[in-house]
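Asker: The lines below spell out each chain.
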Amino acid sequence: MGLKSNLHQLKEKYKGTKMAPAFNALHTFLYLPNETTHGGTHIKAADDLKRTMNTVIMALLPCLIYGMFNAGYQHYLALGDIEAAKGFFGSTFWTWDNLVIGMWKVLPLVIISYGVGLAVEFLFAVIKGHEVEEGYLVTGMLVPLIVPIDIPLWMLTVAVIFGVVIGKEVFGGTGMNILNPALTIRAFLFFAYPTWMSGDKVWVHGAVERDQLIAAGENLDAISGETILGAYAQNNAVVYDYWDMFWGLIPGSVGETSKFLIIIGALFLIFTKIGSWRIIVSTLIGALVMGLIFNGVVDAGWIGETNKFYGLMNVPFWQHLIIGSILFGAVYMATDPVTASQTNKGKWIYGFLIGFVSIMIRVFNPAYPEGVFLAILLMNVFAPTIDHYVVQANVKRRMKRLKVKTN
Amino acid sequence: MSKDIKIKKGLNIRLNGEAGKTLSKAPRSRTFVIRPSEFHLITPKLVVKEGAKLKAGDVIFYSKAEEKIKFVSPVSGIVQKIERGAKRVITEIVIEADQKDDYLDHGVASIVSMDENEIKNHLLATGCWPFIKQRPYDIIANPDIKPKAIFVSAFSTAPLAADFDFTLMGKEKELQAAVSAVSKLTDGVLNVGVGKNSKSIFEGLKDISVLTVTGIHPAGNVGTLINKLDPVNKGEVVWTISPQDLVVIGELLLTGKFNAERIVALSGSSVKNPKYYTTKIGSEVSTILYTSGLKEEHVRIIDGNVLSGNKITPKGHLGYYTNTVTVIPEGDDYEFFGWNKPIFNKLSVTRALTFSWLQPKKKYDLNTNTNGEHRAFVVTGSFEKVFPLDILPMQILKACKYEDLDEMEALGMYEVAPEDFALTEFICVSKQPHQDIIRKGLDLMYKEIG
Numbered sequence: 001m002g003l004k005s006n007l008h009q010l011k012e013k014y015k016g017t018k019m020a021p022a023f024n025a026l027h028t029f030l031y032l033p034n035e036t037t038h039g040g041t042h043i044k045a046a047d048d049l050k051r052t053m054n055t056v057i058m059a060l061l062p063c064l065i066y067g068m069f070n071a072g073y074q075h076y077l078a079l080g081d082i083e084a085a086k087g088f089f090g091s092t093f094w095t096w097d098n099l100v101i102g103m104w105k106v107l108p109l110v111i112i113s114y115g116v117g118l119a120v121e122f123l124f125a126v127i128k129g130h131e132v133e134e135g136y137l138v139t140g141m142l143v144p145l146i147v148p149i150d151i152p153l154w155m156l157t158v159a160v161i162f163g164v165v166i167g168k169e170v171f172g173g174t175g176m177n178i179l180n181p182a183l184t185i186r187a188f189l190f191f192a193y194p195t196w197m198s199g200d201k202v203w204v205h206g207a208v209e210r211d212q213l214i215a216a217g218e219n220l221d222a223i224s225g226e227t228i229l230g231a232y233a234q235n236n237a238v239v240y241d242y243w244d245m246f247w248g249l250i251p252g253s254v255g256e257t258s259k260f261l262i263i264i265g266a267l268f269l270i271f272t273k274i275g276s277w278r279i280i281v282s283t284l285i286g287a288l289v290m291g292l293i294f295n296g297v298v299d300a301g302w303i304g305e306t307n308k309f310y311g312l313m314n315v316p317f318w319q320h321l322i323i324g325s326i327l328f329g330a331v332y333m334a335t336d337p338v339t340a341s342q343t344n345k346g347k348w349i350y351g352f353l354i355g356f357v358s359i360m361i362r363v364f365n366p367a368y369p370e371g372v373f374l375a376i377l378l379m380n381v382f383a384p385t386i387d388h389y390v391v392q393a394n395v396k397r398r399m400k401r402l403k404v405k406t407n
Numbered sequence: 001m002s003k004d005i006k007i008k009k010g011l012n013i014r015l016n017g018e019a020g021k022t023l024s025k026a027p028r029s030r031t032f033v034i035r036p037s038e039f040h041l042i043t044p045k046l047v048v049k050e051g052a053k054l055k056a057g058d059v060i061f062y063s064k065a066e067e068k069i070k071f072v073s074p075v076s077g078i079v080q081k082i083e084r085g086a087k088r089v090i091t092e093i094v095i096e097a098d099q100k101d102d103y104l105d106h107g108v109a110s111i112v113s114m115d116e117n118e119i120k121n122h123l124l125a126t127g128c129w130p131f132i133k134q135r136p137y138d139i140i141a142n143p144d145i146k147p148k149a150i151f152v153s154a155f156s157t158a159p160l161a162a163d164f165d166f167t168l169m170g171k172e173k174e175l176q177a178a179v180s181a182v183s184k185l186t187d188g189v190l191n192v193g194v195g196k197n198s199k200s201i202f203e204g205l206k207d208i209s210v211l212t213v214t215g216i217h218p219a220g221n222v223g224t225l226i227n228k229l230d231p232v233n234k235g236e237v238v239w240t241i242s243p244q245d246l247v248v249i250g251e252l253l254l255t256g257k258f259n260a261e262r263i264v265a266l267s268g269s270s271v272k273n274p275k276y277y278t279t280k281i282g283s284e285v286s287t288i289l290y291t292s293g294l295k296e297e298h299v300r301i302i303d304g305n306v307l308s309g310n311k312i313t314p315k316g317h318l319g320y321y322t323n324t325v326t327v328i329p330e331g332d333d334y335e336f337f338g339w340n341k342p343i344f345n346k347l348s349v350t351r352a353l354t355f356s357w358l359q360p361k362k363k364y365d366l367n368t369n370t371n372g373e374h375r376a377f378v379v380t381g382s383f384e385k386v387f388p389l390d391i392l393p394m395q396i397l398k399a400c401k402y403e404d405l406d407e408m409e410a411l412g413m414y415e416v417a418p419e420d421f422a423l424t425e426f427i428c429v430s431k432q433p434h435q436d437i438i439r440k441g442l443d444l445m446y447k448e449i450g
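Just so you know, the sequences run in chain order P and L.
This note's numbering numbers the first residue of the first sequence as 1 and each following residue consecutively.
This note's numbering numbers the first residue of the second sequence as 1 and each following residue consecutively.
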């Protein structure tokens, strides 16, 4: 009882001051506020925005934990210290050594993402006098999962500040932004520091460092951390089998490799009614359709094996779902309710186009063979347009009703 | 020939404290209060002064904009006090009842021989007009515009609301008189929505078209009926009347007396003995609160149902339009980690560690806590699941917030009333005041378009 009443007194003390939003953010983290209804409905349902966001974080946690183990696993595997794990429960995967590397590399990313992002949020809340809104809770968890493991922390810091300020705060904060903040952060990194965001060296911890050592004249083998998409884009042989891709025993951004855990997260989000199943399903349909079209092009013999697009076009259409980050994007990124289409019909179109465009970029842009985040950002921009036409359909129905009457 | 309406989108909010089907006479109230704020957008012009002696049915004030619309006293007595608020706006007119029940006699009306205008003038003169509301704008009907149809909902689906099948029992004569008269005021029909599984008193009446309604709340909202049967287009007007007000109108036509008596449900989880009472418009709620008893001190007393009613104090009075008084616990306490721990004792439409989906029939003791802070709209797609009207709820709310009149009109603002947005407000994770947003939007449209 002591803590509750002490905090209440502090809240009264800060009321009306500049620091009130900052204090309230911390206070409401501990306690559901004592606010009551005034007019309107006198009772309210149990869910608030914090609970909604928290549910998404819960769906992301398995990906984060898996990402930590995978960081160590990929590192030791590339060094040749361990055998490849067989399947999800492989004995060389869930090891203490792997986790230590993962924690050492991934936790700083999480701390930077949350620390810097929330600092910016608090600052804006205090300056503008609005409450600290919960949107960043999810963004802060997404960011470490969609960057390469070895990204320098200062780059991440710069990107997070950019993403939160330009991606969100300039529009007025959570609920007002046009672009997904996490993807804005990734886009910033991608275009500002491309050497750290693509290629075949950044996805496995230690690969870049090893290259620098070799360049300095040391007699060592280079670590290859080529992703599957990279291999296809270069028309190289892919060394992983489908089960590796499905379980996630492959190099990639920190949290997006395990399709198995993403599917579990997706089912959780759909079951809790927090994530939009319409967007998830339609994104996957869009991706499959584009994949089928490319397969058709190959089957028709329109392009030869020497064509630089052949490798990716020839990927069986269903395989597109388990390589790259299309699944992660569909489940956690495209479904962001603020930047997605807001009408139910619009969500189908929006998701379909994300999937469609993702695979198109993936195939036609072999230098940076992942297009999911670009496709989602593109559709973020078009989401209001899609909604406009859906809304117009409703408006037209109303106009028609009037016309029928007056004729 | 009855028509069927089936409502699938919505939410039944099951609460503890449903009024038992027993009826008592409420103790006589010492004072009665009329609050002009209940008559939305009406500026009262008083015709009585403090100390004036009144009979039941005597005019207290009329509308400044439309002098024909008169408001009358529910009881006989003396005008004790006229309370004024900021800018000298009249907030309350307090009448001290003389306990004699003297009625002003308007004479028996011969409904059959009266024509449209005679009925209209009779209702205006006797103070019955304020019972008739209109859409668009959800305000007291403009007597100069003929409605295309009139709607009555005698199906109560709101949480803990009075059951019309019970409160209207034995009122066939009054209701028949009222509907026969009122139906003359439209070229269209007088539609009455009744629950399919109940035996409604309306089913035996003449001069109406009965709509059989099934489904979950808001199936009983009159706005839902209108939208499903005959939506309001631009330039059209429909009227709505509550069944309990039809009883008052009917009795006036039959006897010539404005009898403000009505049956009110006292319900809610804080009430010891929730049941029905016979009382009068404007009476002190304490008369029934103390008869039934309260379980706790710190309560919210609501004049109306928990979704759309008004907050009143224990010294407050029954509203002009209400037939339900609900008492629930106040929720002004903190809850440790209330935002992330699993919740079993509150209602939710999601499954985000909220477990109300496990027991769909469970009844809840909900309090007035907002369960979270006010935020910008974030979540999409959830309102549509509880909103049966062919209107895009979030888009129209946003249009109201940024005051785009063209868009509001295009999205269907003429069709809605604040209470249609009660369920979306209940489930809103951003805790936005939907009904207030819609009310302000309607007021803006009324002011700009009229």
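Just so you know, the hints here were simulated from the structure itself, not pulled from any lab data.
Fair warning: there could be bad hints in the mix.
Not the full set, but computed from the structure, chain P residues with beta-carbon under 10 Å of chain L [stated by the list, open to error]:
(1) K4
(2) F29
(3) L30
(4) L32
(5) T174
(6) G217
(7) E218
Here the structure is a predicted model, which means the values were calculated and not measured.
Every residue gets a Cβ at the ideal spot worked out from N, C-alpha and C, and that includes glycine.
Asker: Taking the hints in turn, state whether each one holds.
Answerer: Results of checking the hints against the structure:
1. K4: 5 Å, holds
2. F29: Hint on F29 of chain P: holds, closest Cβ of chain L at ~8 Å, below 10 Å.
3. L30: 7 Å, holds
4. L32: 3 Å, holds
5. T174: Constraint on T174 of chain P satisfied, holds at 6 Å.
6. G217: 54 Å, violated
7. E218: 50 Å, violated
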